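*Asks:* Letter by letter, the chains look like this.
There are 2 protein chains.
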Amino acid sequence: MRHRMEKYIKSLQLLIIKEIESLDGKKFEIDRWEREQGGEGISCILQDGNVFEKAGVNISIVYGNLPEAAVKQMKSRNKEIDPSKGPHPFFAAGISIVMHPHNPYAPTIHLNYRYFEINNKDDKDGTSKLWWFGGGSDLTPSYLFEDDAIHFHKTLKDACDKHDVTYYPEFKKWCDKYFYLQHRGEARGVGGIFFDDMDRKPAEEIFALIKQCGDAFLPSYVPIIKKRMNMKFGEEEKHWQQLRRGRYVEFNLIWDRGTKFGLQTPGARIESIFMSLPLTARWEYMHVPEKNSREEKLIDVLKNPRDWV
Amino acid sequence: MRHRMEKYIKSLQLLIIKEIESLDGKKFEIDRWEREQGGEGISCILQDGNVFEKAGVNISIVYGNLPEAAVKQMKSRNKEIDPSKGPHPFFAAGISIVMHPHNPYAPTIHLNYRYFEINNKDDKDGTSKLWWFGGGSDLTPSYLFEDDAIHFHKTLKDACDKHDVTYYPEFKKWCDKYFYLQHRGEARGVGGIFFDDMDRKPAEEIFALIKQCGDAFLPSYVPIIKKRMNMKFGEEEKHWQQLRRGRYVEFNLIWDRGTKFGLQTPGARIESIFMSLPLTARWEYMHVPEKNSREEKLIDVLKNPRDWV
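Chains A and B, in that order, are what the protein sequence lines are.
Heads up: take any position in the first sequence, counting from 1, add 420, and you land on the working numbering.
Heads up: take any position in the second sequence, counting from 1, add 420, and you land on the working numbering.
Do not rely on the hints blindly, as some may be mistaken.
Because identical chains cannot be distinguished in the list, a pair is counted as satisfied if it fits within a single copy or across any two copies.
Here are the simulated DSSO-like pairs of lysine-lysine, each with C-alpha atoms no more than 30 Å apart in a straight line [stated by the list, open to error]:
(1) K549 x K723
(2) K582 x K646
(3) K505 x K593
(4) K499 x K447
(5) K446 x K711
(6) K658 x K447
(7) K711 x K447
For the record, the hints were derived by calculation from the structure and aren't laboratory data.
Owing to the predicted nature of the structure, the values given are computational and were not obtained by experimental measurement.
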């Protein structure tokens, strides 16, 4: 599975980069890196493009011994790891995408899929091996277009339904709960799907789901971005987008478990982890949108997540 | 002590606001708020002023029962609190200041002083009461002017020396250690002083130190800001400042214990906590300053904190 997941995320990365480059007209900067403690990655960033303010399509294949802080975090997630029986060799392969467009009417998208394996040190036959898949994809608009939210959710639902019709409703709720700024009492965006610790079916079947969802990235996003990237906007819309970018930073730095895991991992590549941050963001004291404005309508949806399909 | 600390921070807030208003030419917006679970505060914010991009001078007096997460945090700091003997009534009074100037040559300053008390529930005679003072002040330039760093540190050293000559060297080291972005391997700025859990002398004596350090705010900062606020700068300097603002956001959202405590406290006033964030910030993938540039010289000092006096 390690090898096949690695192969899949590499091919998906290539496909997405090509398509986004043809949309933007600017090329991605491609950085290959190695991790001293084990592993490698390819970070592809498009900064200050024609359509995108900042877009990153990263893959990483990381292995070594699980840092102690991560062991504790696993324990708290009911993973059967005995901290005293360490070190615990781990392997993780994943693809992470975040795209922040220039146009305030065009939404930010995020995708991440990952495969994780942990072995107990003395394990000879592999029976004590833990493994799981996780990930998802969510959409973060500054202005709400219901059509966009419906298209995005419908594409993800179709992908999930091909495997198990119980997946989408479960993953949709999970996403609303995970991408949530507790301190603001609002969701990050209009949601999508999210799941973690997925090992309830044979690895083969979950891998097929992961591929389906990964392949759904371009169809879920490209039609939306094409519709919005050339819409006219003014200072007011840009200003609101910058404030929303601030919330994006808050979520990623305060709440995101993936970012936290990254910061805990010795030798982690900070620049790759932080590619998810927008190019620019803004914080204003006590900014409150006007009554019945489009800005307030977005906040309403973030405070009361809707069912889109 | 509760009452006297409250009185002191209120008078200091007034004094600082007056002086900063006369420097900036724009008035602070003054918000009084009450906390449902107990307590009140006054947030004073000057946004988009003539000298300051964003300046906040906040006080808060908060009491109630310590949230469970905070009890755990106290335990990890070796405070003698028995989680099973809760709820633990607490009282906290503090003043927090952050000032981000427009001019990239003018440094950001931060100050915070606070008094904390915790009682055990069944305590009738006050003997099981825990109390301590904490706080400090630090300077964060985008461009290094050694004179400014020396003036800032000297003013703080003079204030500390009036009480105990061992304070400054100890608090200076503590500050370098606390205001440190582990994931970047760099300090937030050129430091200053910081201390916490201060109960090693009679409360009366520590309160006198707190007042001395609070009173040193204006003399430590105003001469610097007057020197830098009208210096000519261009796009390049503004750009670098915005990247440094990004690091400021990273510290406050990932590492700052005060922000974390705030976010954990039920009914906390988010807008007051987040006044410390700059108005705008920027993140660029793989930004590396040019060799021997002024930008690189700043990074050198952040990676290798210096003794300034």
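*Asks:* Determine which of the earlier numbered hints do not hold for this structure and return their numbers in increasing order.
*Replies:* 1, 3, 4
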